[in-house]
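Assemble chain B with the ligand onto chain A, guided by the hints.
Taken in sequence, the protein lines are chains A and B. Counting in this note's numbering, the first sequence runs from 344 upward without gaps. Counting in this note's numbering, the second sequence runs from 49 upward without gaps.
Among these hints, one or two may not hold up.
[Said to hold, decoys possible] Capping the alpha-carbon separation at 30 Å, the derived lysine-lysine pairs in DSSO-like fashion look like this: (1) B:310 <-> A:386; (2) A:636 <-> B:310; (3) A:533 <-> A:654.
Just so you know, these hints were derived from the structure itself, not from any lab.
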Amino acid sequence: MAQELSQRVVFGETLVELASQDSRVVCLDGDLATSTRTDMLFKAHPDRFFMMGIAEQNMFGVAAGMASVGLIPFVSTFACFTAKRALDQIRIVIAQPGLNVKFIGAYSGILTGKTGKTHQSVEDLTVFRAMPNVVSIAPIDGVEVRQAMHAMVEYDGPVYLRLTRDPMPVIMGDSYQFQIGKAVTLREGKDITLIGTGEQTQRCLDAANLLAADGISAFVLHVPTLKPLDVEAIVNAAAATGLVVTAEDHSILGGLGGAVAEVLGEEYPVPMKRIGLRDTFGESASNAPLLEKYGLTARHVAAAAKTLLEKRST
Amino acid sequence: MNDPSIPGIPQLIEIARSVRIDIVQAIHHAKGGHFGGPLSAVELLVALYFRELNIDPVHPQWEDRDRFILSKGHSAIALYAVLAERGYFPVEELMTFDAIDSRMQGHPDMKQTPGVDMSSGSLGQGLSAGIGMALGARVLGKSFRTYVMIGDGESQEGQIWEAAFIASRYQLDNLVAILDYNKVQQFGWQYPEPLLPIDHPEEKFAAFGWHVIEIDGHDFNAILNAFDQAKMVKGKPTIIIAHTVKGKGVSFAEGKYQWHAKVPNDEELTLALAELVRREG
Ligand SMILES: Cc1ncc(C[n+]2csc(CCOP(=O)(O)OP(=O)(O)O)c2C)c(N)n1
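Chain A on its own, in the form it takes in the complex:
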């Protein structure tokens, strides 16, 4: 079996690594350290860890102040709270002045450990994609999380990092080099293009295997950076097959599916389908029944691909 890693564990480890290398790196936490794994930084460097209480709006304001005097704050809470509870604070004192704050959306998407619709985050990508000055990153696996965090520290400006909770296979090899704004081709193909973001790209790869079993050759593009978007890579991937399925553990409105539809609509119109939450909130349950009910499995991605292929052939 492939090696598995939890994005949140890699996040905690990398935070310790970054703080050890760079004295400007600090972390602010909204009383979720044992979930988001910022407790690793608390144990390694208690003086660089600030528990801000269950008070997200204040926390983001504090981070802005820290960034303005030269620190690099990582602000950590669940994606639902980062993208909604503290949104005006992020907008006014972080995004508008372009301050160097890194904000984390832990437990993103619908796989949040059964906490249900209040804690699932299905619109954070839409929110941050629409917000000027904010870079948005959704890694596929632990390897990419670590690289993205290093890139975030090198980059001067607000960055949103969307993470997941549970262990998943490692996809990216040792030679992989994450770059902000660059999409990566994970598989060449000629019949249909599957474009994924975050962990959902893994289900695109699984879908490509399902399709291959039926003699269909799928091109798989991973888009870890939702903004700035790699328009060229998306257009090339669409041109390679002429049909596109997007997939994300997020609403189809305004996230990856929305972004790709906007780009292709203007630059290279092709028939497409979007896999994601269809304008609905989620609910409490374990991962497998959630993926099934909300249509996010590899099988759903493959079925959408087949529908497009059938339409083309008629």
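Same frame as chain A, but now just chain B with the ligand:
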């Protein structure tokens, strides 16, 4: 209420025991949910639903019912267990907690569960909704009362204090907040020594213009007296600061932040049930 079937204190104690057993079993079965926060709130919830609230389990949407909001929504399983024991739905349904398509969601959902008056789960929001209900009662000329339970960690949210200000500004004597003061949050401040989620809440709420009552939140006599006293207060909202123990009733979880959202394994379930079933004295 002059129903001869009103439960006395010994019965309330037995109901609380059943509710704790329901909670522990449901969490174990669901392999999810929160542990410490539901258990600290049991006596308060049982006193509300079996003695204080003017409600009708057969008509959960009755317009003139008293309202209750569990603002610390992560303790939902405690509310569900009390509602089930009170007859809103079968106790067996608690075993669907956190499962797909269940009415027993991880956090309270007013559109799913009979008896739930307001959705919650993102901390800090319930007291504001309670103000809305209390103002609504005033505008509509209704006499129902509104009760809101908040957590001590939750009280770090600014919105709690925005609400505290508005409730006293509007002199909402038909609004009662209950602070489940169990002294532990999810992780909190553990270094160099543990700190309380909130210090001197009695002073803070008094400064915001609230009538403050401080009690032992596991003592039914004290809880019922506090509810009676709150009804006598005119011109200000009341907060009952209930000193409780997080994880109450399960000795190995009591007072431990590590049990905030831990799921008991089979062995821990057996130990917990043995303690809960055993009768004191
Ligand atoms: C706005 C918001 N931030 C963070 C959380 C995650 N969370 C759930 S419970 C909890 C701790 C709550 O502590 P407290 O209010 O003291 O509750 P209790 O100890 O009674 O369980 C946290 C941080 C949340 N649900 N909502």
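A quick look at each hint next to the structure:
no. : hint            : in the structure
1   : B:310 <-> A:386 : holds, 21 Å
2   : A:636 <-> B:310 : holds, 27 Å
3   : A:533 <-> A:654 : holds, 16 Å
Checked against the numbered hints above, the structure violates none of them.
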